[in-house]
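Fit chain V to the known structure of chain A by using the hints.
Here the protein sequences line up with chains A and V, keeping their order. So the first sequence is residues 1 to 261, counted in my numbering. So the second sequence is residues 1 to 261, counted in my numbering.
Careful, some of the hints might be misleading.
Note that the list lumps identical chains together, so a pair holds whenever it fits in one copy or between two copies.
[To be verified] Derived DSSO-like pairs: lysine-lysine, alpha-carbon spacing no greater than 30 angstroms straight-line:
1) Lys57 with Lys208
2) Lys61 with Lys152
3) Lys152 with Lys256
4) Lys62 with Lys226
5) Lys57 with Lys152
6) Lys203 with Lys57
7) Lys208 with Lys152
8) Lys256 with Lys207
9) Lys226 with Lys203
10) Lys62 with Lys203
11) Lys226 with Lys152
No lab work stands behind these hints: they were computed from the structure.
This is what each chain is made of:
There are 2 protein chains.
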Amino acid sequence: MDDILHNETINTLLNHRSIRSFENSPISGEQIQTIIQAAQSASSSSFIQAYSIIGVKDPEKKRLLAEYAGNQPYVAENGHFLVFCADMHRHVLAAEIENLDPELIRPSLESTEKFLVSVVDATLAAQNAAAAAESMGFGICYIGGIRNQLDKVMELLSCPPYVLPLFGMAIGVPSKSSDQKPRLPFNHVYHEDTYQPDDNQLKEDLKKYNQTISGYYKDRTSGKRKDRWTEQMMTLLERRSRMTMRHLIQQQGFMKDESNE
Amino acid sequence: MDDILHNETINTLLNHRSIRSFENSPISGEQIQTIIQAAQSASSSSFIQAYSIIGVKDPEKKRLLAEYAGNQPYVAENGHFLVFCADMHRHVLAAEIENLDPELIRPSLESTEKFLVSVVDATLAAQNAAAAAESMGFGICYIGGIRNQLDKVMELLSCPPYVLPLFGMAIGVPSKSSDQKPRLPFNHVYHEDTYQPDDNQLKEDLKKYNQTISGYYKDRTSGKRKDRWTEQMMTLLERRSRMTMRHLIQQQGFMKDESNE
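In isolation and in its complexed conformation, chain A is listed as follows (with noise of 0.2 angstroms):
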């Protein structure tokens, strides 16, 4: 049993922390296309495929993504760089192909229902490559400050319609290891049957989840951190970050169909 449990598999999915300190070397070409072959390998709706992925390797454009993403330096320092994209737009160009007008596709295009499909398949692919890369000895991190300037992102990168930038990924060697954050209750994110009613036993998790939470940043800094989870929850949720996202996602194409009602 025990080694069923703990494969290799699982402790590398186990062992996972965010690197944001990584040495200057670059991953081999072979080892990118490993990373990428093992993405496109995770299930696709409808065998949809609707993400691209696009693999930043210009010091340049690595520099400005940096300063986009709000100055994270490993944005630009790393082994590689990965774009990950909800991408519709080879279904414009299939409808090409098969001789069809694109206003039949168009409704079903500009659905909710199908950016959330593409949102759901370049994450699916995004996580396969996370875990091939550290299974190979890489640290990464996501990056979800690309969305902070989007629309500078998205002309960076030549984005066509149909094609929206959600998250980055740095890859490299870790020069600088990290700790693992404990994560929230087991039984407060897994229920059985129905989502757990009791609001009260929900909040008395959250309250034991913020002692530990508490006692990691104590135990990290001599006593002179203590936030709780729930304390830096509200700061965030506070900040109004990224309100035009919206906006956004429907001027590439997506999500247009409230107007359809």
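This is chain V only, laid out in the frame that chain A set:
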């Protein structure tokens, strides 16, 4: 080099195929716990952990889910069934714990950006669960079909506001193997430094891919089927499916920022 590129984790990822027929043998509690732990180990945007997983064991609930998903028998007949949900409900409870006026976080909580974050968080977790389960020798199948009648699914699982089921996952011991469909060509999905600007090149890729997919079906049906991928995609996209998705997402409290502009 070879052993770096072909370790156990990468082999597990590359070997993925959707399994739609399972032995009648349940997954142990210990195994479920490991699968969920692997899911929880995935990255989360700003540590927001905006998802929950509902494991469905009750046979009657599984039967209903199978019906709602369009009579897919493997939704009911498997080792275990998981439903991955975008979840910001606990963040509302966190506001109560912090004695914060929930109105202060509502614009952010209900933004398209935070919905995107929840979907990405839930999907990263799901793909880790898939890889963990497959590494144990189980097969899996994602079930987007639960979105066919999502209102009924939400009622069945008693989802409170700010909880939206996104997709299911059937897990179990495979009773029938299946083939792996060839993915889009590497150079079509993976772009370098800029999104491939040449639509003619992209169309050439798709035409070559059509031949690959036609060949795949021909080989498996003694020539009876020879669908092109672009043809399949047009059949899929001409159908207007799940066009109420935006409404259901907003009904649960997500993505309501359009009226704030």
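Next item on the list: Could you tell me which of the numbered hints above are not met by this structure, giving the numbers in increasing order?
Entry: Numbers 4, 7, 11 - these are the hints that the structure violates, sorted from lowest upward.
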